[in-house]
Each structure stands twice: as C-alpha cells, then as structure tokens.
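Here the protein sequences come in this chain order: A, B and C. Using this note's numbering, the first residue of the first sequence is number 1, and each one after it goes up by one. Using this note's numbering, the first residue of the second sequence is number 1, and each one after it goes up by one. Using this note's numbering, the first residue of the third sequence is number 1, and each one after it goes up by one.
Treat the hints with care, as some may be off.
The list makes no distinction among identical chains, and a pair is therefore deemed to hold if it is satisfied within one copy or across any two copies.
DSSO-like mimics (lysine-lysine), calculated; alpha carbons at most 30 Å apart, straight line [stated by the list, open to error]: (1) K130 / K49; (2) K289 / K317; (3) K278 / K296; (4) K21 / K296; (5) K296 / K74; (6) K278 / K289; (7) K278 / K31; (8) K74 / K278; (9) K77 / K286; (10) K49 / K88; (11) K289 / K21; (12) K77 / K289; (13) K49 / K316; (14) K75 / K130.
The set of hints was computed from the structure by calculation and includes no laboratory data. Model, not experiment: these values are computed from the prediction.
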Amino acid sequence: MFDRNLKFPIIGFGIGTTDSKGLLIEVHFTKIIDQGDELFNAFSTMLGKNDFVTDINKDEFMSSIDDIKIKPLKKNKRYVLTQIKNDKPINSIAVAFLKLHLISYRSFKPNTLNLEGLFQTLRNIAWTNKGPICVEEIEPFYQDDNDDLPLQVYSIDKFPPLLNYMAPSGVRVADGSRVRLGAYLASGTTVMHEGFVNFNAGTLGPAMIEGRISAGVVIGEHSDLGGGSSTMGTLSGGNNVKISVGKRCLLGANSGLGIPLGDDCIIEAGLYLTSGSKVSIVDEDKIVKASELSGKSNLIFRRNSLTGQVEAVPNKKSVKLNEELHKN
Amino acid sequence: MFDRNLKFPIIGFGIGTTDSKGLLIEVHFTKIIDQGDELFNAFSTMLGKNDFVTDINKDEFMSSIDDIKIKPLKKNKRYVLTQIKNDKPINSIAVAFLKLHLISYRSFKPNTLNLEGLFQTLRNIAWTNKGPICVEEIEPFYQDDNDDLPLQVYSIDKFPPLLNYMAPSGVRVADGSRVRLGAYLASGTTVMHEGFVNFNAGTLGPAMIEGRISAGVVIGEHSDLGGGSSTMGTLSGGNNVKISVGKRCLLGANSGLGIPLGDDCIIEAGLYLTSGSKVSIVDEDKIVKASELSGKSNLIFRRNSLTGQVEAVPNKKSVKLNEELHKN
Amino acid sequence: MFDRNLKFPIIGFGIGTTDSKGLLIEVHFTKIIDQGDELFNAFSTMLGKNDFVTDINKDEFMSSIDDIKIKPLKKNKRYVLTQIKNDKPINSIAVAFLKLHLISYRSFKPNTLNLEGLFQTLRNIAWTNKGPICVEEIEPFYQDDNDDLPLQVYSIDKFPPLLNYMAPSGVRVADGSRVRLGAYLASGTTVMHEGFVNFNAGTLGPAMIEGRISAGVVIGEHSDLGGGSSTMGTLSGGNNVKISVGKRCLLGANSGLGIPLGDDCIIEAGLYLTSGSKVSIVDEDKIVKASELSGKSNLIFRRNSLTGQVEAVPNKKSVKLNEELHKN
C-alpha cells in the first residue's frame, strides 16, 4: 500500500466502526486504489454519486474479488467504500479518514491535500482496548469493573495513533501514542520516545526524530531533531509561516524553531529561534531578524555563552546521521 | 457525575481491587453522593462509623436501589462504600481514591481538599492489561509468557491514569498515560501528547495544554501551555510558592514558569522564568526579581536576543485560542 | 533475580518468540544463573558449544528441575537456554536479550558489558497486545478489524519496554513506554511521566527522573533530573565523552547537560550546558570551556539573567530529595 503515486479519483475500501445510531466514527482503510486498478470500475459503480457506502452485502459481487474476503462483522462494524473524486474540503468522516490514510500511506506529501473541514468533521473518540468508542457513549463501559481485561482508555482524541492502522515500511516508532494517523514517515525514519509527529506533517527521507513535528511541518532527508526540540506549528501559534527543515539539519536537544530552515543548518541545543529573534551574523557584523534568514542554508544558530546574543555563523561541516543507529 | 457542587459529608460507591490478603489497593468510584441525595441515609447506615466497608452483600438492601446492580464479583474485587465526614488527613486507600475522584469529577478544585497523608497511604501498583496488581504480587504474572494476550505493564505508580477511571466531559486527552487520576480538567480542555497533568492540578476553563502542569498548579481559562513548557511544582523543588497561570496566558514552547502569573501574560518560547530571575522592566528602566512580578497581569517576558537580558514589556494584545482547534 | 553479583559464564533460561520461520525475535529470561547455581552444570551440558538452544523437550531432564515447570507452548513460543561464556560482541538475538536482562536485573552496571553488535543483531519488532511480531509479518494482523480486542501496536522498535519483562524492586515508572529493556534502575528510583531511560543507562541509587537519560549515561544516587531535562548521548551526537551525573545533583527543568558532572552540582532550569559553552567562573574572574569543568563538584551553573552569560558559582547547600515523595 505504501509509496504509490496515486491520482484522483481515488477509492478506499476498509472496515469502519459506528456509534449506536449506525453512524461511522472511524474507518480503517486496508485497500486504496485509483483508476489504474482493475477493481476501480466495479467499486465506482457500487458507490455511484455517494462519497461513501456502508451497505456492502452484495455477495455475488464481492465474492468475485479474490483478495478481499467478506465475513460477517460485529454489530458496530461496517465494510466501507469511500471515494474522493476531487480534492474538495472534507465533510464526512469516511473521507476525512481516507485522506489521513493517503498521507500516511505516502501517496500524498503533507500540505498537498485539501484538509479544510477536517477538525469540524472528526468526532471525539475514546481509543480503547475494546476498540474505538465515541465519547458520548463511553460511560457504560466505565461501569463494568469486573472484566478479565478491564477497560483501558488510551486517549480521547479526534485522531487515532498511526501504528494501530498501519506499519509504514522502513520506519521505527518507539512510542506509538505519539504519532497520529495522517503523519507522513518516510522510509528510514526513526521516531524516538520523545519524538512526536502530528497529522499532515512528517519526514521526506531518512531522519532521526526525537523532537516534535507540528501539523504542517516537514523535515528533509538525513535531518535530526534532537530530544525535546520543538517546531512551531501554524495551528495554535500566531504564526502564518509554515515551518520546514531542509536536508542534513540538526535541531539540538531542547531547541526550537520558528522559521523555515534551508539545508545543512544547526540550531544549538537549548536555543529557541523564533521568527522575531534578532540574529547577529557574525561574519558580516550585521543584525537581522531571524525571519530574514528563512530558507537559508549552511548556518549554525547559537546563543553566545558570553554575551547572550543569538548568532548565526557558517556551517562548515554537514551533519551525518549515525549510520548504525539510523539503519532500519 | 461531573461538575456537581458537593458538601461534606460525602459518600462514594464503587468497585475496588484487593491484594491477596483482601486489602484494598484501589477503588473506582462510579457514584458519589452527599446529603442531598436520597441514597445518603441508607448508605450512611451501612457505613456506621467506618471510613469504608467492603462487605456489601445485603441483598434485600441493595436490591432496593434501582440504579445500582449488584453482581457477583471476581475474587479480588469488592463493592466499596466510603465516606468522608470531614476533610481530615488521609489514612485509608478508599478515602485517598475518593478524594482523587472528587477533584477529577470537578466537585472540588485543586488545593481545596486536605491531601495530607496521600503519598504514605497509596501503594505502588502495577497498572496492567489484566487490571491493577500490587507491585509485591506482580512477579508470578511475569512467569506466564504463553498467554494469548500477554502481560502489559503500563506503569508502576501510586496513581492510575485518569482516563481509565472516567472521561471528563468536554475534554480531549491525546495520551492518557500523561494525566493522573486527581487531575482537574475543565470542560474545553485539550491535553495534547506532550501535555501532562498531575493530581491536584489542572485547568479552570477551556485551555490548550501541551506543557506540564505540576501538582498544585492551576491554569486559568483560555490559557495555552506550549509544547514542552514547564510549571514548577512545590513537591520536589525547593519552591514554597504555589505556581498558577491566569486567564488568556501563553507559555511558549519549551518555556518555564517559576512564579504565579496574572492574566494576559506571555512567556516567550524557550525562556525559563525562575523566581530568582532578575527582570528588566523595559518601560520603567528598572530591574526587579521575577518573584516581585508574581500575579501581575499584561506582561510579556522574553530574553532579549541581542543582550541576553530577561525583560518584561507590556502585553498589548491578548492571546486568543484557535477557535476551530480548541472547540471540543 | 535482582542485584545479584554474577560472573561469566552466565546462563539464562526463559521463553522466546519466533517468526514464521522459527527464528527467535525476542527472549524473556526469567531465570539467570552462574556457576554458583546448582542448575549450572545441567544447563551447560544441554547447551554444549551453542550460544543458545530452543529445542528443550527432554522431559526426563527438565522434570527433575523443581522450580521450572515445562508446559506445552504456543506455536510461536520456545523455551530458550542461552549462555555467555565470555563477554564478546553480540551476534545472536538470544545473547542480545540476555545482556539487556543482565543490566536491568542489576547484575551489571551500564557500560560494563560488551554491547558491540547489538543494533545490527536486534530486529525491528512490533510490540503489540497480541505479543511481539516481527515487523515483516505484521501486515495480516492489520487486516482483521473484527476482533473483540483489536490490534494495539504500542511501538515498532528494536527494544521492548522494560516493565513488560520485569518490575525492578523498589522502583516506580509512571509511563512504562519510556523505559527500555536494558535500563538500570536502582532501588529508590522514580521515573516520572516525562522521564526516559534508554538501554545501558540508568541510576546508581535513589533518584527522581523527570528528564531523559540517554544511552550510556549514568546518574548518581540522590540526584534529580528535572522535567524535560536532557543528557547528551554518545550515540547520535558528535560527542565522544560519556556524560554522567554525580551524587546529589539537580538538573533543573528543561535544562541540558553536555559534560560529566561531579557531585552536588546544579544546572539552572532552562540552561543547556554544552561542552563548548564558555563559562565564567565568577569567583575567579576567569572564563573556561565547560568541558574543562568536567567532573568537578559543588558547582551551580546558570545563565546570568542580566547579561546572558553562562556562569559557574560554588554550591553551598546540597540538594535534598523530598523524602516523602521519593520514598518508594
């Protein structure tokens, strides 16, 4: 399923969970196809003009599809077919989850899909050991304390953890609770325990992630986000500029980044570089706002430990990921 | 159960787990009542002078209570009634857990209950997929590696995760392992993956929490704790002053706070403001210790990126939470 | 099993999981012995020259060993005997897991075992509620969304969480996903939710860990790593010096450490002390590189809030852990 270069229209097939009214609350898509796939026309006919259908019981039809085995499902489970003809704003949970899958299956890079309406569409779900439960219906589950496998509520969130939906090839994630479905993790990426990757964000190549990748942020290949490092998001900050990190960059431990970085840059451990930071360019003896250095390559940013001044100096050697450690 | 304004005496009803000697190690209270409730007198009679009772098998009695169904329990489970007549120091596990529930059910705000004796009373529990197991009795569970659902030990801690006991209304918690029972999460609160809320701490209104709320710390409504931000606790620090954050404040990512903040304050990303920091009040051209600014409103704290000096300047615009993102 | 002073040769007995080809992917050792143990010779004979054996079905033999009960195992489980005669580089999964157990059982301190070959030997495992699954074989598990207890993939990592293998005596770990097998946690250690301990790293005595202990780093007794504090590792940094923290030290919240510390030192909250930081020794009116202060005791490191200068001043009082909080 990974790394396929798909074009709209796209159809996803999977199994969804419903609430007590039979409304979908999430869908896990295990098959994604576009017009190049031979199943496309059959699925397209079943969908007609609907964004999604859940009443897939046409035995004679489905039995002809070899690699999908239709079995009787539990009461709150449905087979789901979903189509996206054009990349419009989101207005159904089926389409919302399909778009999140398309990013995590690495068919679309972060910031290339229309995610308008995502937050309003998704519901708050209790993600539990008994499966997803919409938060309005969780209460009775708390009443039963006598179960051999008692209720574990891992999170109450609009997004599930990526690893419960798929295992991106060539990727390690040391704490699955910290990567949301909708994250884009390129092969060769390691997300350590202190790493975090939001939806619509991720890595474009091999990378060591021990810091936080906010929604909309992308990290170039062979870059390293040190433990506890922060990338400013556009969701909750007042920031309108999308942050990104180029290739072979290093964000030191506990550092932070408020501007897009070029290639071969280093942020010193512990330095938070905001867009408004005034930076002394040591070689040129001039001072600029950090935002003016957006996208520039080969820079080391540090706070002078004698003067407290934030400085930029040329980076003469590029960062090299530890080969042994980073090999997947 | 949430947001009820209760007065002592208070009685809790729930199910507890025992160790092999029959001693309670934790209780999950699903019903909390005070004198205004019609069950109060019946429960009070059953309790007599005891802080708690676990031998509730009076069928004729309990069957008269419609909304509580008494069923046979597993060997290590007990129905538990617990009463708190006055808010005295804690000396039983039943009372300890009842007080933690009272805060998380939002009947009592942080720092309004007597929690003296809490740490000495609580036992170290292995919180597992098979239920809570007191740590002294966990060993045999490790010997059985042949189970279809192998042992998962999520934590060994005195406190369980809040979400395994209740789902506070109007709240999202992206990583349940980071909010302890005893946290007070107001409706409209989102605790993101990097957020953390200790017991006897929390938010008084809608808030975005991506930082750490230490025990005893409260955050005012419409405030935002940025990713990795820190609030100093009084438990392990040498600090005697209770930290708090007012309304509409922003703690920037990776920042830290060692004084109580008023309303409409901002701590710049990456700045750790300790009580001993010397702060230059730019407008007044004077220098004060940060602790002298405790509780003051409308201040922006930052470290001057040219001089390294910690400064306070007036905050002219107030923080606004992202409406879409923060709507629950 | 804990705190035994063992000498090579050492034999471990436990249960391992295999992939579909019957190859071991992990082993959980529940019994560890050396020549002083009466089982040693019998086990040694069974092992012969092999590093490990998995075909332990010699009923007449095993039945003679009272305290090990041999039962029929599931298809992908094996009884495993593993021996380490000399502390050579690692070239089997059985030996790799045995060495990680030896550290976590506190028979060998961090940095005293030869772990060469560890990363190349260990495989990427999906650690799930259904048990460990090698990542190449996880795909079919994602296809079944109809299970009463749906698949939970907690992590995809070479290392499992310590707490799923053992519960070190006298230790609390508030979030089990953040301590890897191979961590050395001395009795009296509390690892809070924001704490992290890598393999071959840990604490040598009672300690409060709310920061990150990188691979190879050891923390002395009665020290306190504040929330979000960072210790530089030698694995991914360019750093060749092993970081360590002495006794009764305090790393403030969100601070960081790039040099070995002596005893009774404090790093101020929010300060990242790298080895290259230039530090003003206030009393002596001189400036040195932080690396020159490696291992020195009784120092407080801080960033002067007026001048931005990193300073070292003598520490006149030593850190005292909160007795009540830190008692296990």
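Now the hints, each set against the structure:
1. When the C-alpha separation of K130 and K49 is checked against a cutoff of 30 Å, the pair qualifies neither within a copy, at 34 Å, nor between copies, at 40 Å.
2. In this homomeric assembly, K289 and K317 come within 30 Å of each other (Cα to Cα) both inside a single copy, at 25 Å, and across copies, at 21 Å.
3. Taking CA atoms no more than 30 Å apart as the test, K278 paired with K296 passes in both settings, with 16 Å inside one copy and 27 Å between copies.
4. Proximity of K21 and K296 under a CA criterion of 30 Å is satisfied in neither setting, with 54 Å inside one chain copy and 50 Å between copies.
5. Taking CA atoms no more than 30 Å apart as the test, K296 paired with K74 passes in neither setting, with 55 Å inside one copy and 57 Å between copies.
6. Taking CA atoms no more than 30 Å apart as the test, K278 paired with K289 passes in both settings, with 4 Å inside one copy and 25 Å between copies.
7. In this assembly of identical chains, the alpha carbons of K278 and K31 never lie at most 30 Å apart, being 50 Å within a copy and 57 Å across copies at closest.
8. With identical chains, the CA atoms of K74 and K278 are never at most 30 Å apart, being 60 Å at best within one copy and 63 Å at best between copies.
9. In this homomeric assembly, K77 and K286 never come within 30 Å of each other (Cα to Cα): the closest approach is 63 Å inside a single copy and 66 Å across copies.
10. With identical chains, the CA atoms of K49 and K88 are at most 30 Å apart within one copy only, with a shortest distance of 15 Å there and 66 Å across copies.
11. Taking CA atoms no more than 30 Å apart as the test, K289 paired with K21 passes in neither setting, with 55 Å inside one copy and 59 Å between copies.
12. Taking CA atoms no more than 30 Å apart as the test, K77 paired with K289 passes in neither setting, with 54 Å inside one copy and 60 Å between copies.
13. Proximity of K49 to K316 under the C-alpha cut-off of 30 Å is found in neither arrangement, the shortest distances being 58 Å within a copy and 52 Å between copies.
14. Proximity of K75 and K130 under a CA criterion of 30 Å is satisfied in both settings, with 14 Å inside one chain copy and 23 Å between copies.
In summary, the numbered hints that this structure violates are 1, 4, 5, 7, 8, 9, 11, 12 and 13.
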